[in-house]
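A.B. asks: Chain by chain, the residues:
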Amino acid sequence: MSEMQLNQKGAKLVDILSGQEERILAEWMKEMTGSTRRGDLIKESELRAECTQFLKLLKQTTEAAGTDFQSPSFGPMREMLGDVSRGRAQKGFKPSETATFVFSLKRPLFDQIQTQYKGDTDAMAAEMWSLTELLDAMGLYTMEVFQKSREDMIRRQQEELLELSTPVVKLWDGILALPIIGTLDSARTQVVMESLLQAIVQTNSRMAIIDITGVPTVDTVVAQHLLKTVTAARLMGADCIISGVRPQIAQTIVHLGINLLDVTTKATLAAAFSVALQRLGISFVRDAAKS
Amino acid sequence: MAVVSTENVPVKTEPDVVTVRRRVREVSSQLGLSLVDQTKIITAASELARNTIIYGGGGSMQVQTLNGPRVGLRLTFEDNGPGIPDVDLALRDGFTTGSGLGLGLGGSKRLVNEFEIFSKPGAGTRITITRWK
Numbered sequence: 003m004s005e006m007q008l009n010q011k012g013a014k015l016v017d018i019l020s021g022q023e024e025r026i027l028a029e030w031m032k033e034m035t036g037s038t039r040r041g042d043l044i045k046e047s048e049l050r051a052e053c054t055q056f057l058k059l060l061k062q063t064t065e066a067a068g069t070d071f072q073s074p075s076f077g078p079m080r081e082m083l084g085d086v087s088r089g090r091a092q093k094g095f096k097p098s099e100t101a102t103f104v105f106s107l108k109r110p111l112f113d114q115i116q117t118q119y120k121g122d123t124d125a126m127a128a129e130m131w132s133l134t135e136l137l138d139a140m141g142l143y144t145m146e147v148f149q150k151s152r153e154d155m156i157r158r159q160q161e162e163l164l165e166l167s168t169p170v171v172k173l174w175d176g177i178l179a180l181p182i183i184g185t186l187d188s189a190r191t192q193v194v195m196e197s198l199l200q201a202i203v204q205t206n207s208r209m210a211i212i213d214i215t216g217v218p219t220v221d222t223v224v225a226q227h228l229l230k231t232v233t234a235a236r237l238m239g240a241d242c243i244i245s246g247v248r249p250q251i252a253q254t255i256v257h258l259g260i261n262l263l264d265v266t267t268k269a270t271l272a273a274a275f276s277v278a279l280q281r282l283g284i285s286f287v288r289d290a291a292k293s
Numbered sequence: 005m006a007v008v009s010t011e012n013v014p015v016k017t018e019p020d021v022v023t024v025r026r027r028v029r030e031v032s033s034q035l036g037l038s039l040v041d042q043t044k045i046i047t048a049a050s051e052l053a054r055n056t057i058i059y060g061g062g063g064s065m066q067v068q069t070l071n072g073p074r075v076g077l078r079l080t081f082e083d084n085g086p087g088i089p090d091v092d093l094a095l096r097d098g099f100t101t102g103s104g105l106g107l108g109l110g111g112s113k114r115l116v117n118e119f120e121i122f123s124k125p126g127a128g129t130r131i132t133i134t135r136w137k
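For the protein sequence lines, the chains are A and B, in the order given.
Under our numbering, think of the first position of the first sequence as 3, with each following residue one higher.
Under our numbering, think of the first position of the second sequence as 5, with each following residue one higher.
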């Protein structure tokens, strides 16, 4: 296709758009209300601004470069679509809802073409075809960016989860605490437990508190991991206290028939800390002068 | 008794156990089960899902919400694994052919209101549990 033809085609789209922006915008917004508008995720004014910006860019770009989405002149358009798509991915839009941003422009533009090319079916068909191609390319591009930004998000979250690897904290000389967050039946468990045993050796601690406040479910596998750790710590000369046993977890453990009688358990980390201090023979006295 | 909704969740690999727990948590809290009841059925689902993977070689979980006269949640775990030769023995606390505590099957029975198990050697296992509101 020669440059002139391209420009000609572009020029036609410009004709369709110019002077009709307001109307197309209104119809486009209406179209989206029916199919993809998420008032809960994006503000009406924000969406309107995006659409206006999109139409403006579309007019400028097609005027200069025709309808070939691959041409470098479409750079600003790609950038804008990319931003829109990434924004949607972050806001929690579904992929289809994101793609519909572009696709819902079809009907308003087609209606416009139909009005302008009344009687000239060949020209109408040609114009519709090139417009469909352009909008499809844009829609696909939106999906690509959406997919990619979702993947980036997942990768980042995975990395953050690894970073979250449970730290062993020292509460007092001789008292360690291991606050566990999340599920305890994965490969992570092994790492968590090993780090506790390591820390017991390094700090020469006699008491270790395992806090399970952040563990949503305690089933037999989780209990087994806990019991193993307690036993291993005991072999190393440290006593373990399990804290953060919530009422619902306590009832579940009873029904499951897990025997935790050999283990000291407490409802809160504070209670467990107090027991640990007691066992080490440490006590605090309120300063009468200050109270 | 009317089934309000039915959906299937694959139970094939270890990470699926997490998905199972999350899904059961969502559905049971939507149904308005108390926190204790939620925790009970989530824990039972966790046990049975893991059994499905470890002993059944993978299968699926069907989630059904029930209504009228009572509101409840019914989960069906199904696999085409080797099956359980002696169900009574398998339900006994402390019995295991694996490396666990041997409390999962009997424990999950105690965590729910209704517990049904069908299993034949070579024909797989199907366990249905129900927790009423």
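Hints are computed from structural coordinates only; laboratory data are not their basis.
A hint or two may mislead.
Stated by the list, open to error - Computed footprint of chain B on chain A, listed as stretches where at least three residues anywhere in the stretch have a Cβ under 8 Å from a Cβ of chain B:
#	segment
1	211 to 221
2	254 to 266
Claimed, not checked - Calculated cross-link-like contacts (lysine-lysine; reagent style DSSO-like; alpha-carbon spacing at most 30 Å):
#	chain 1	residue 1	chain 2	residue 2
3	A	K268	B	K113
4	A	K58	A	K32
5	A	K230	B	K137
6	A	K93	A	K61
7	A	K96	B	K16
In this text, all values refer to a predicted model and were calculated from it rather than measured experimentally.
The beta-carbon is built from N, C-alpha and C at its ideal position, and this holds for glycine as well.
A.B. asks: Against each hint, give a clear statement of whether it holds in the structure.
C.D. replies: A quick look at each hint next to the structure:
1. 211 to 221: holds (count 4)
2. 254 to 266: Since 5 is at least three, the answer is holds.
3. A:K268 - B:K113: The hint holds at about 27 Å.
4. A:K58 - A:K32: Cα-Cα ~18 Å, so holds.
5. A:K230 - B:K137: Violated - the C-alpha atoms of K137 of chain B and K230 of chain A are around 35 Å apart, more than 30 Å.
6. A:K93 - A:K61: holds (28 Å)
7. A:K96 - B:K16: holds (26 Å)
Hint 5 from the earlier list is the only one contradicted by this structure; the remaining hints agree with it.
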